[in-house]
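From first to last, the protein sequence lines are chains B and H.
Numbering follows this note's numbering, with no gaps: position 202 of the first sequence is 202.
Numbering follows this note's numbering, with no gaps: position 294 of the second sequence is 294.
Don't take each hint at face value.
Claimed, not checked - Taking lysine-lysine pairs in the DSS-like style, the calculated list, with each CA pair at most 25 Å apart, reads:
id : chain 1 : residue 1 : chain 2 : residue 2
1  : H       : Lys71     : B       : Lys16
2  : H       : Lys56     : B       : Lys52
3  : B       : Lys50     : B       : Lys197
4  : B       : Lys198    : B       : Lys2
5  : H       : Lys71     : H       : Lys56
6  : H       : Lys71     : B       : Lys198
Stated by the list, open to error - DEER-style ranges, computed between Cβ atoms:
id : chain 1 : residue 1 : chain 2 : residue 2 : range
7  : H       : Leu288    : B       : Glu180    : 44 to 50 Å
8  : H       : Arg276    : B       : Val88     : 39 to 45 Å
9  : H       : Gln121    : B       : Val88     : 48 to 54 Å
10 : B       : Thr149    : H       : Glu231    : 41 to 47 Å
11 : H       : Leu14     : B       : Pro222    : 28 to 34 Å
12 : B       : Gly160    : H       : Ser209    : 53 to 59 Å
Keep in mind the hints are simulated off the structure, nothing from the lab.
Ideal placement from N, C-alpha and C gives every residue a C-beta, glycine not left out.
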Amino acid sequence: MKILVCISHVPDTTSKINFTEGDTKFDTNGVQFVINPNDEFGLTRAMWFKEKQGANVTVINVGGADTEPTLRKALAIGADAAIRVNTVPADGFSVAKQLATVIKDGAYDLVIAGRESIDYNGGMVPGMIAGLVGANFVNNCIGLEVEGTNAKVIREIDGGKETVSTNLPLVIGGQKGLVEETDLRIPNMRGIMMARKKPLTVVEPSSISGETSSMSFEKPAPKGAVTLVSADNLDELVSLLHNEAKVI
Amino acid sequence: MASDLFEAPDYYNLDELLTDEHKLVRDTTRNWVKKEISPIIEDYAQKSEFPMHITKGLAEIGAFGPYIPMKYGGAGLDQISYGLIMQEIERGDSGIRSTASVQSSLVMYPIWKYGNELQRQKYLPKLASGAWIGCFGLTEPDHGSNPAGMITNFKDKGDHYLLNGAKMWISNAPFAHVAVVWAKDENGRIHGLLVERGMEGFSTPKTHSKWSLRASATGELIFDNVKVPKENLLPNKSGLGAPLGCLDSARYGIAWGAIGAAMDCYDTALRYSKERIQFGKPIGQFQLQQKKLAEMITEITKAQILTWRLGLLKNENKATSAQISMAKRNNVHMALNIAREARQILGGMGITGEYSIMRHAMNLESVITYEGTHDIHLLITGLDITGLNAFK
Numbered sequence: 001m002k003i004l005v006c007i008s009h010v011p012d013t014t015s016k017i018n019f020t021e022g023d024t025k026f027d028t029n030g031v032q033f034v035i036n037p038n039d040e041f042g043l044t045r046a047m048w049f050k051e052k053q054g055a056n057v058t059v060i061n062v063g064g065a066d067t068e069p070t071l072r073k074a075l076a077i078g079a080d081a082a083i084r085v086n087t088v089p090a091d092g093f094s095v096a097k098q099l100a101t102v103i104k105d106g107a108y109d110l111v112i113a114g115r116e117s118i119d120y121n122g123g124m125v126p127g128m129i130a131g132l133v134g135a136n137f138v139n140n141c142i143g144l145e146v147e148g149t150n151a152k153v154i155r156e157i158d159g160g161k162e163t164v165s166t167n168l169p170l171v172i173g174g175q176k177g178l179v180e181e182t183d184l185r186i187p188n189m190r191g192i193m194m195a196r197k198k199p200l201t202v203v204e205p206s207s208i209s210g211e212t213s214s215m216s217f218e219k220p221a222p223k224g225a226v227t228l229v230s231a232d233n234l235d236e237l238v239s240l241l242h243n244e245a246k247v248i
Numbered sequence: 001m002a003s004d005l006f007e008a009p010d011y012y013n014l015d016e017l018l019t020d021e022h023k024l025v026r027d028t029t030r031n032w033v034k035k036e037i038s039p040i041i042e043d044y045a046q047k048s049e050f051p052m053h054i055t056k057g058l059a060e061i062g063a064f065g066p067y068i069p070m071k072y073g074g075a076g077l078d079q080i081s082y083g084l085i086m087q088e089i090e091r092g093d094s095g096i097r098s099t100a101s102v103q104s105s106l107v108m109y110p111i112w113k114y115g116n117e118l119q120r121q122k123y124l125p126k127l128a129s130g131a132w133i134g135c136f137g138l139t140e141p142d143h144g145s146n147p148a149g150m151i152t153n154f155k156d157k158g159d160h161y162l163l164n165g166a167k168m169w170i171s172n173a174p175f176a177h178v179a180v181v182w183a184k185d186e187n188g189r190i191h192g193l194l195v196e197r198g199m200e201g202f203s204t205p206k207t208h209s210k211w212s213l214r215a216s217a218t219g220e221l222i223f224d225n226v227k228v229p230k231e232n233l234l235p236n237k238s239g240l241g242a243p244l245g246c247l248d249s250a251r252y253g254i255a256w257g258a259i260g261a262a263m264d265c266y267d268t269a270l271r272y273s274k275e276r277i278q279f280g281k282p283i284g285q286f287q288l289q290q291k292k293l294a295e296m297i298t299e300i301t302k303a304q305i306l307t308w309r310l311g312l313l314k315n316e317n318k319a320t321s322a323q324i325s326m327a328k329r330n331n332v333h334m335a336l337n338i339a340r341e342a343r344q345i346l347g348g349m350g351i352t353g354e355y356s357i358m359r360h361a362m363n364l365e366s367v368i369t370y371e372g373t374h375d376i377h378l379l380i381t382g383l384d385i386t387g388l389n390a391f392k
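The shape of chain B in the complex, shown without the other chains (with noise of 0.2 Å):
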């Protein structure tokens, strides 16, 4: 089985996050970079088929060079090969043709997507794959298994859980539950040094450009002052939120 596993290069959460030139680009000054949790769940999922069924992993990312140290913790956990389609994102529609095309060229049976990034939290990208190769999907996985062609998979729905039954070639968009945190991998020191003779192949993007483009960030505001009210003094509270919160 051939897995494909795309790898989104991401701020990590405890990163302060600011805007430059005039609020319209992220300032990645002093922020450090991490795999996507989400896609983390579907790397140590696919290292699991690895290592029981004997799958071959490839990780994938489409950005520039400064992603390269993601795709490299990746293959020190244990990928076999990693792809980076060299262009700087524009948008999700971008990424995802991209992806097409070089998921088109390996003949992948199986796509582990996050089901979104957490940084520009889009969640477009795993579906639009799956249309543009022509695989099935199912997203907001949580439970992963393949025998032969047939892919049994848990989707998490509100308030409970779907089995579905499907075949590959298959593209999903995985989050927690696919593995747990506890199962999470950090590299070794032996696998940081394996990392190095695995082959990391950059390909040149297809002559695809963004629909859309950010015109400006803004952050939320901060949050106001707090205002403590007995709890004897019930009149005060109300006249609070009437008065100055106005939201009765």
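Go by the hints and put chain H onto chain B.
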């Protein structure tokens, strides 16, 4: 203990001097420490107990023998990677770093460098995987700074060596499976012997009531007519230079490790100074606190640059023992001073187990003493620059 909010200071953008691989090595170790060491270390230090279960994790991430070649179970990494691993582990706790550096530099290193192929094959994979833990016996009750005066000795009895003597202040001794023991032969020449737990006459009593390195186990090695098989002698180097070669490697790791402890104290104190309000403003706004913090980051930055350069020299096999002594001495002293100053910034909170500072400060009292005392390292520099020996 409060949750681990550590953010590493990098005032001179030294990350730009590291390769992506170095950064991955460091961040991997840092994440492991946050996950596995920070949540438990305070309890173990308070209980004065070594967290035995973490040897498995140290082995899994590759902290045992990271620069030992892969064919012996190591990772084959360079010396800067080794240093960064030590830095990050000591950021968690000097005692845990001690376990890792003893295993790597004082046990695996001599077997790799001074042992024969059979010895390498027999011991190194077990030590790299953490299946076996090792210790290093050089210091004796009456011979600390003067190891050449050792009295532990062995006699050739035909089909074996007969080992007698005692070693003291030995990290990992109480549970080690194998000890690299330095002893004199009948001609007074120092050799390394591999002494395994279970050999008759070999015991390892634990050292109790330490106020420092409380989460690391320390003990003695006692040899009472221990029959050591002849194949357990390290054949490829003898004389005092052999154990000193191991110490060069370990001291190099300590120079990095001390930066980790210092960074943790600085980072804790900086955060506290911005949160603690007195006289209506954060204490970080007062000049005396700023002086402490500014001096801390200056000293950390200087140590980082010194140690990074030493790492390059070590990678090229050009680092001298005297250069390593200078870095060990400078960095541990720097870290201890920062721990004490950081403790003051935290006031009373600084003495509690809610914060790591007092534990670091107590640990560093050992680190400034072991592997060559602060004074002895000064004399090594003195000898190196004057050519005049102040030891004798």
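Below or equal to 25 Å on CA atoms is what counts here, so check Lys198 (chain B) against Lys2 (chain B). holds (16 Å)
Is Lys50 (chain B) within 25 Å of Lys197 (chain B), Cα to Cα? Between Lys50 (chain B) and Lys197 (chain B) the Cα gap is close to 18 Å, so the pair holds against 25 Å.
How does the Cβ-Cβ distance of Leu288 (chain H) and Glu180 (chain B) compare with 44 to 50 Å: does it lie in that range? holds (48 Å)
Holds or violated: are the alpha carbons of Lys56 (chain H) and Lys52 (chain B) at most 25 Å from each other? The given pair, whose Cα atoms are some 23 Å apart, holds under the 25 Å limit.
Within a Cα-Cα threshold of 25 Å, do Lys71 (chain H) and Lys16 (chain B) meet the stated pairing? violated (43 Å)
Would the hint linking Lys71 (chain H) and Lys198 (chain B) be met if the CA-CA limit is 25 Å? holds (18 Å)
Measuring from beta carbon to beta carbon, are Arg276 (chain H) and Val88 (chain B) in 39 to 45 Å? holds (43 Å)
So does Leu14 (chain H) sit 28 to 34 Å from Pro222 (chain B), Cβ to Cβ? Because 33 Å falls inside the window, the suggested range holds.
Take a look at whether the Cβ-Cβ distance between Thr149 (chain B) and Glu231 (chain H) falls inside 41 to 47 Å. At roughly 57 Å between Cβ atoms, Glu231 (chain H) and Thr149 (chain B) fall outside 41 to 47 Å, so the hint is violated.
Evaluate the given range 53 to 59 Å for the C-beta pair formed by Gly160 (chain B) and Ser209 (chain H). holds (58 Å)
Just tell me: holds or violated, for the beta carbon distance of Gln121 (chain H) and Val88 (chain B) against 48 to 54 Å? holds (50 Å)
Satisfaction of hint between Lys56 (chain H) and Lys71 (chain H), Cα-Cα up to 25 Å: Judged against 25 Å, a Cα distance of about 20 Å means the pair holds.
Against the hints set out earlier in the document, violations occur for numbers 1, 10.
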